[in-house]
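Visitor: Here's the letter readout for the chains.
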Amino acid sequence: MPVLLCVGLSHKQVPIAVREQLAVSAEDLPGRLARLRGLAGVREAMLLSTCNRLEVFAVADARTCADDLLRDLGPLAAEHALTRYEDEALLHLFRVTASLDSMVVGEAQIQGQVKEAHARALAAGACGAALSRALAAALSAAKRVRTETGIARGAVSISSVAVQMAHKVLGDLSGRAVLLIGAGEMAQLAARELHAGGASELLVANRSAAVAEALAQEVGGIAVGIAELPALLERADVVLCSTAAHQPIVTRELVGRAIKARRYRALFLIDLALPRNVEPAANQLENVYVYDLDDLEGVAAQNRELRQQEVQRAEAIVLEEITAYARAKQERAAVRVLAHLRAQAQALADAEVERTLSLLGPLSERQQNSVRSMATAIVNKLLHGPTARLRGEQGGPLSDAAAELFGLQDAPDVSGDDAERRSSPEEQPQDASRKPQADVLSLTGRK
Amino acid sequence: MATLLVHIALLAYAAAAAAYLVWLVRPRQALVSAGRTLLFAGLLLHLGSFAAAVSLSQGEGLARAGFGSDAWRGGQLFSLLAAATVAGYLALDLRYRLPVAGAFVAPVTVAVMVPAHLVHGGTRPIAPELTHSLALAVHVFSAAAGTAALALAFALSLLYLVSERQLKSKQPGRLFARLPSLELIERVGWHLSVWGFVFLSVAIATGSLVSHESSGSAFPIAPKQGFAVLAWALLAGLIQARLVAGWRGRRVALLVVAGFLLLVGTYAGLLAAPQHVSAAAAALIAPGRG
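Residue numbers (the working numbering), protein chains in the order written: chain W, 1 to 447; chain E, 1 to 290.
Just chain W, same shape as in the assembly (with noise of 0.2 Å):
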C-alpha cells in the first residue's frame, strides 16, 4: 500500500544560516525533482522550498523509501532533517498549506507557494493523483482557515502595520500623496507598499537635495525640498518620518497649522525614527494620527496575539478537513473494490454460459439470451448483499477483507488515479512496468 511521507525541515529546525545553504533555486527545481522521482518505491514526489522550509512530500511504495528521500537531501540537511511517515506526514502537509507551521501564523504567501511548487511537480511530472489530491484538500482546508477564523487577520510586522492603519485611517488610498522624509530603510518599505496600494503621489524630501534625488528615483517618487515641509504637510495625507535629526522636525504647531489649512482632512504621521521625528502632542490634534515605532510594535504584538488566539479553532478545522479527506478515500476505495468484484464475478459469469452454450448444442437466439440473463441474474442475486454493505460501509475493513477474499488485490486499477498519473507522457513507460496498486494512503485505517 502506497503510503505518505514527508522528509525536510523548516525554521523550527534550523537557523537561516543553514537554510540559505539548502534553498533550491527555481532553476535546479525540474532536476531535483527529476532526481526525486527516479527513486527506487517513489511513486510520486513534490519539493517545497521557501525561505523557512526545504521539505520534500511523496507518494511511495514503503515507508523506508523515506531514507531515500533524506539521503538525496544532502549532507547538512539530513543532519537536521525530520521524517514524517503517513498520517503524520499528511497532517504536516495540512497545517503548513494553513500556516499554522510558519514562522508568522497566518502568513498569506505560504499558499502560493505550495500551490507553485505542486505546478512545478506536475510540470516536471513528479506529481501523480494521489498527492494532488491530498494538496487540493489542504488548500481547501487552507482557504477554510482563513475565511472561517482570524488568523490571517491584522498586520504583524512594523511596515505593514503602517499601511494597514492607513488604509484604516483613509481608506482607499487611490488619489493620496505620501510624503517621506528621511532615508531610513523601514520608511521607504512602508512608501512603496503605500504606492503600491494605489498612493498616486510619493513625495520624497530630504536635507540633501541629492539625497532626495537619488531616493525619489529609487522608489519612484518625486523629489522636494525639506524646507516646503509646512506646504508638503498640507498636501499629504500620509506622511513618514525616518530621519536622524535629534529634535523632532514635524511639530504639534506645525501640524495644527496644516490641519486647519486642509480644512481638517485626516492626517496620518508615521514615525520610524529614533529619535522620534514627530512631536507626540500632534496626536491630541482632531484627525491628525501619529504612529511612532512603539505604537506600531504594540499594534503588531496585539495582531500576533489575536491570532495566536484563533490558532486552536483553525487546527479543529484542519483535523475536520483531514477526517473529510480521509472519508472521501475511503469511499473511493469501496467503489473501486466493488467495480472489481462485480466485473470478476461477471466474467466469471461469462465464460461459464459460454462454455455452458456449446455443450448445450444448438439453441435459438432467445434461448441463448435467457440462459445469459439467468447467469446475469445469478450474479446479481450473489452480490446484492455484499455490494448494500460495502456501499454502505464506504470503505473500511469490509472493504479489505472483499479485497482480499475475492482476490481482487492485482485486479487492474479503475479509480482513475492510475489513469490519471499515467496522463503525464513521463509517467507512461514507468508506470506500465509498475503493479497498479490502489493509491488509498495510510490515514484510512487499513495501512
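Hints are computed from structural coordinates only; laboratory data are not their basis. No experiment lies behind these values; they were computed from the predicted model shown. Just so it is clear, CB atoms sit at the ideal spot from N, CA and C, and this is done for glycine as well. Treat the hints with care, as some may be off.
Partial chain E-side listing against chain W, Cβ under 8 Å, derived [said to hold, decoys possible]:
| hint | residue |
| --- | --- |
| 1 | P27 |
| 2 | Q29 |
| 3 | A91 |
| 4 | R165 |
| 5 | L167 |
| 6 | K170 |
| 7 | R248 |
| 8 | G249 |
| 9 | R250 |
List of simulated lysine to aspartate or glutamate pairs, EDC-like, C-alpha gap at most 16 Å [as the list claims (entries may be wrong)]:
| hint | chain 1 | residue 1 | chain 2 | residue 2 |
| --- | --- | --- | --- | --- |
| 10 | W | K143 | W | E310 |
| 11 | E | K168 | E | E183 |
| 12 | W | K143 | W | E107 |
| 13 | E | K170 | W | E286 |
| 14 | E | K168 | W | E320 |
| 15 | W | K12 | W | D101 |
| 16 | W | K143 | W | E315 |
| 17 | W | K260 | W | E286 |
| 18 | W | K12 | W | E79 |
| 19 | W | K143 | W | E321 |
| 20 | W | K143 | W | E320 |
| 21 | E | K170 | W | E297 |
| 22 | E | K170 | W | D294 |
| 23 | W | K260 | W | E234 |
| 24 | E | K168 | W | E286 |
| 25 | E | K168 | W | E279 |
Let chain W serve as the given structure and place chain E on it in line with the hints.
Guide: What follows is chain E alone, placed relative to chain W:
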C-alpha cells in the same frame, strides 16, 4: 393579515440581528449574507403588511392608507420608521458593504418594533379635515425618510467615535478589523446627515401646514415641535460649519449624535404629551378613544 405579516417580518429582523451579532464574534461571510437576506426578506414582508393594511382598510383618503386606522393596533409610526431605516441600510450596504452597521441597525429595528407591536392601544380616527391632506402625506413620508437617514447617520457616527478612539489610543480592540475606514464612515455619515436635514426641513414645513389645517396654528408650542426645530437648527449649523469651516471628524460625529437625540426627543414629546400634539400626529399614534 397585516398583523401576521408584520410579525413574520419582525422574526426575520430578529434572525438578521442574531446573524449580524454572531458575525461580530465569528466573522464568517455566510453570516453577513444571511443577515442581509433576512433583512431584505423582513423588509418585503413589512412592506407587504403595509399593502395589506391599505387593502383591508375601510376608510377614505389618507385613512385608507392606514393613517389612524386600527389595523395594526398601534405602532404604525414606529413600524414605518423601522421599515424606512432597514430600507436605507440595505441601500447603503448595497453600495458600501457595511455589515458592522447592520449589526447596529438590525437589533435597533427589533428593539423599536417589539414594543410597538406589543402595545395594543387603539388609535384615533384621522381628523376629518385631514382626510385628503397632501401635506400630511408628505409630512409623514419626509419625517420617516429623514428619521431613517439620521438614524443611520447616528449609527455611523457612533461607529466613527469608537473607531477614532481606538486609532487615537493605539489600542485596536477585537472588533477593529470589522470596522470600515474612518474616511468611509465619515463620508457616508455626512451624506446621510445632509439627506436627513433635507427631509427634516420638508417634514417641518409640511408639519406646520398640517397643523394649520387642523388646528389653525402653524407653529403650536409643544415639546414635539420644539425638539424638531432644535434638531433642524443643529443640523443646519453642522452643515454650515462643514461647508464654510471644513469641520469634519469627531466634532461632526458628536453633533450628528446630538441631532439624532433631539429628534428622538421629538418622538418622545409626541408620545408623552398627545394632548398637545396636532390632530394629524395624534391620528397617527395617540391612543385616543380606541
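Visitor: All hints are to be evaluated individually against the structure, with a verdict given for each.
Guide: Hints and how they fare:
Proximity of P27(E) to chain W holds as hinted, the smallest CB-CB distance being about 7 Å (cut-off 8 Å). Satisfaction of the interface hint for Q29(E) is found here, the shortest Cβ-Cβ separation to chain W being roughly 7 Å, below the 8 Å cut-off. A hinted interface residue such as A91(E) counts as satisfied when its beta carbon comes closer than 8 Å to some beta carbon of chain W; here the least separation is about 20 Å, so the hint is violated. At a threshold of 8 Å, the smallest CB-CB gap from R165(E) to chain W is about 12 Å, leaving the interface hint violated.
Because the smallest distance between the Cβ of L167(E) and any Cβ of chain W comes to about 6 Å, under 8 Å, the interface hint for this residue holds. Interface restraint check: K170(E) against chain W, minimum CB-CB distance 4 Å, threshold 8 Å, status holds. A hinted interface residue such as R248(E) counts as satisfied when its beta carbon comes closer than 8 Å to some beta carbon of chain W; here the least separation is about 5 Å, so the hint holds. For G249(E), the interface hint holds, the least distance from its beta-carbon to any beta-carbon of chain W being 4 Å, beneath 8 Å.
Hint status for R250(E): holds, given a least beta-carbon distance of 6 Å to chain W, under 8 Å. At roughly 14 Å between alpha-carbon atoms, K143(W) and E310(W) fall within 16 Å of each other, so this suggested pair holds. A C-alpha spacing of about 15 Å is found between K168(E) and E183(E), which places the hinted pair at or below 16 Å, so the restraint holds. Of the pairs offered as hints, the one joining K143(W) and E107(W) holds, with about 12 Å between alpha carbons and a cut-off of 16 Å not exceeded.
Straight-line distance between C-alpha atoms of K170(E) and E286(W) comes to about 15 Å, which keeps the hinted pair within the 16 Å bound. For the given pair, K168(E) sits about 41 Å from E320(W) by alpha-carbon distance, which is inconsistent with the 16 Å threshold. Note on K12(W) and D101(W): the hinted pairing holds, with a Cα-Cα distance of about 9 Å set against a maximum of 16 Å. For a cut-off of 16 Å, the pair hint linking K143(W) to E315(W) stands: about 13 Å separates their Cα positions.
Distance hint between K260(W) and E286(W) is fulfilled; the C-alpha atoms sit about 10 Å from each other, no more than 16 Å. Using a Cα cut-off of 16 Å, the hinted pair K12(W) and E79(W) holds, with the two alpha carbons roughly 14 Å apart. A C-alpha spacing of about 11 Å is found between K143(W) and E321(W), which places the hinted pair at or below 16 Å, so the restraint holds. Taking the CA atoms of K143(W) and E320(W), the gap is near 13 Å; set against the 16 Å cutoff, the hint holds.
For the proposed pair K170(E) and E297(W), the alpha carbon gap of about 10 Å is at most 16 Å, so the pair holds. Only pairs whose Cα atoms come within 16 Å are accepted, and K170(E) paired with D294(W) is accepted, the gap being roughly 10 Å. Proximity of K260(W) to E234(W) is assessed by CA-CA distance (about 9 Å); at most 16 Å being required, the pair is judged to hold. Pair hint K168(E) plus E286(W) holds up; C-alpha atoms about 10 Å apart against a cutoff of 16 Å.
Taking the CA atoms of K168(E) and E279(W), the gap is about 15 Å. The hint holds against a cut of 16 Å.
Hint check: violations occur at hints 3, 4, 14; the rest are consistent with the structure.
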